[in-house]
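Position chain B relative to chain A; hints supplied.
Listed in order, the protein sequences are those of chains A and B.
Each residue of the first sequence is one higher than the one before, counting from 1 in the working numbering.
Each residue of the second sequence is one higher than the one before, counting from 1001 in the working numbering.
Derived by calculation from the structure, the hints in this document are not laboratory data.
Computed from a predicted model, the values in this text were never measured in an experiment.
Every residue, glycine too, gets a C-beta built ideally from N, C-alpha and C.
Check before you lean on any hint, since a few could be wrong.
[To be verified] Computed spacing ranges between beta-carbons, pair by pair:
no., chain 1, residue 1, chain 2, residue 2, range
1, B, D1053, A, K102, 48 to 58 Å
2, B, Q1148, A, Q34, 57 to 67 Å
3, B, R1143, A, P273, 52 to 62 Å
4, A, E22, B, A1103, 51 to 61 Å
5, A, G240, B, E1101, 13 to 23 Å
6, B, P1162, A, R213, 49 to 59 Å
7, B, G1240, A, H180, 13 to 23 Å
8, A, A99, B, P1162, 30 to 40 Å
9, A, P134, B, N1044, 37 to 47 Å
The residues making up each chain are set out below.
There are 2 protein chains.
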Amino acid sequence: MRSRIALLSLAASSCLQAQPTEGLTARQIIERIQEHVGVTWNNNTVDTFKAGDPDTPITGVATTMMATYDVLVRSAAAGKNLIITHEPTFYSHLDRTEALEKANDAVWAEKERFIKEHHLVVWRFHDHWHLRRPDGIMTGVVRALEWQKFQSASNPSLFVVPEITVEQLAEQMKQRLGIHVLRIVAYPNMKVTKVGLLPGAAGTERHRQMLERDDVEVLAIGEVPEWETIEYVADAVAEGKHKALILLGHIPSEQPGMDYCAEWLKTFINEVPVEFVPTREPFLLAK
Amino acid sequence: MRSRIALLSLAASSCLQAQPTEGLTARQIIERIQEHVGVTWNNNTVDTFKAGDPDTPITGVATTMMATYDVLVRSAAAGKNLIITHEPTFYSHLDRTEALEKANDAVWAEKERFIKEHHLVVWRFHDHWHLRRPDGIMTGVVRALEWQKFQSASNPSLFVVPEITVEQLAEQMKQRLGIHVLRIVAYPNMKVTKVGLLPGAAGTERHRQMLERDDVEVLAIGEVPEWETIEYVADAVAEGKHKALILLGHIPSEQPGMDYCAEWLKTFINEVPVEFVPTREPFLLAK
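Next comes chain A alone, as it looks inside the complex (with noise of 0.2 Å):
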C-alpha cells in the first residue's frame, strides 16, 4: 500500500508543475454552483472551504464522498486541485481542527501538508446538494440502484420492488453499490416489496418515522448507532414484526450520489476538467 502511494504522490509533484496561474479560481466555481443549484444559498450551512486557498487558480475539480487522504493524492495525481467533497475532511461534523492542531496531531498535520504542498483547495457541498430538488444524492444512488421505475412519485425515499427476500435485496444492494461489508438486521428469509431508502446518516427519528409505515418494510440506510435504530430494528424483529434493517456503510450508501454531482458540474463548467473520484470503503472484515 504505501509504495502504490508513493508512486501516485510522485505523479501529483509532476502535475503540480503544470500548475496555472489564472483561470478559474476555486471561489468563482463555487459561486458557480450556488447560481446553479436551484435552491436559495443558507449561510447557516456547512458547505463551505475546508482548506486552502479560494482565490487558487483551478486545473481541475474532483468530486468525492469523504476527502480522505488517499482521495486527495488521487485528485492530485489526476490533475484536479478542487476536491468537492460530500462529507467532512478533518473527522467532525464541523471539521473544527482546534484541537488536532493543539495536539500537533500528525495525521491531521500530514493532510494539511499535502494540500499546501499540491495547492488543493476542498470545499464541502453537503446541505445543499440534499435540498435540490430531487436530492442530487438520492438521484445518483437511485440510478445506481436502477430502482428509477419503483419509486414513489410523492415520496422519493420509498420503492416497491418485486417480491424478494430481504438477505437478497441485501445482495442486489451490495453488488450494485459496489459495498464490501454490508450488515443486515433482519430475517434473512422474510419477503419484502416495500423498501425505504434513506442514505447516509439521517438519524434514528427519521428511520423509526419510515420503519412506523405500513408502506415500509425494510429501511436502508448508511449508519446509526447500535443503542438507536439498530436496537430498535432487532426488537421489531423479536417480536415477529414484518421489519428489517439494511446498513449500507455511509460511504457507499451515498457515493453516486458525488458521482452523478461530477455530471452535474460538467453541464456548467466547461474550462476544466471534472471527474468523480471515488472514496474507498474504509473497512476489512475479519476472518
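What follows is chain B alone, placed relative to chain A:
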C-alpha cells in the same frame, strides 16, 4: 425465529404465576448496589429505572448489555424480573419515550406491554459501573480477552501483547469475545505489540487522544461514526503511519463487563438468583 419466541413467551407466562408478593424489591436491590459500588452516587446520571414499578418484589436478577425485547423474553422465561442493563432500553441514550408514545409506535408498545404483563423492572447501570475502580466493564472485557498479564499498571486501557499482525489480533478478539461481524480499518499485515482498548462508544476525542500516543499502534473500540475516528484512521493508514483500528461492535465490546457484573452482584445479593443474560449481536452479513 417466531416459533422460538412463542415458546419462550409461554415459558415466561408460567413463571409469572410464581410472582411473589413480598421479599426484596427492585428499589432495595438498587440501593444495595449504590452502597457497594464504591463511588459517590451522582444524581446527574442515566443510571435510573427505565420501565416497571421499582417497588415490585423481585424473583431474580438478570444483568445484560442491552435490554432488547429478546433479552426481556429470555429473562422472564428464566424467572428474572429485574433486568439490569448497561445500554438503553428505548432506542436513545436518555430513554425518552415521548416521541414513541405520541407516534403510538408499535415496536415500543409491544415492549412496554411485555414488561407490564411480566411485572418486569428495567434499571440501567452504565455510568457508575464505568466509574467503579477498576472500571467494571473493563475488568470483564480484559478477563474475557485473557489480557490481564499484558495490561499497563498505570493506564488500564493500554496493553503490550506479543508481536502479532492486526489481522491476527482481530481474529483473536473475535474468537475470545464471540463476535460474528468484526471490521478493521488497517493494513492487515501490519505487526503490532502496543494495543489501546476503549470498549463501547467512548467518542472520537478519546479515540484520537489514544491514537496520538506512541504507545498505541492499534486501537480497539466498540463503534463510532464513519466521518470521525474511521476517517482519521483511514487517513493514518494511507499516510503510511503505524496505526490501525479494530471495530468490535458496541455490544460484544462491553458485554463481558455485564457478565462480571452478575458475579459481583452475587457477592452481596443472596436472597434471589442473579444471572447474566447475553445480548445477541444484532448483525448478519450479506454475502
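Consistency of the hints with the structure:
1. D1053/B with K102/A: 48 to 58 Å: Roughly 50 Å apart at Cβ, these two residues keep to the hinted range, so it holds.
2. Q1148/B with Q34/A: 57 to 67 Å: holds (58 Å)
3. R1143/B with P273/A: 52 to 62 Å: Holds, at about 57 Å.
4. E22/A with A1103/B: 51 to 61 Å: Distance hint for E22/A, A1103/B holds at roughly 58 Å.
5. G240/A with E1101/B: 13 to 23 Å: Holds, at about 22 Å.
6. P1162/B with R213/A: 49 to 59 Å: holds (53 Å)
7. G1240/B with H180/A: 13 to 23 Å: holds (22 Å)
8. A99/A with P1162/B: 30 to 40 Å: holds (34 Å)
9. P134/A with N1044/B: 37 to 47 Å: Holds - the Cβ-Cβ distance for P134/A and N1044/B, about 45 Å, lies within 37 to 47 Å.
Of the numbered hints given earlier, the model fails none.
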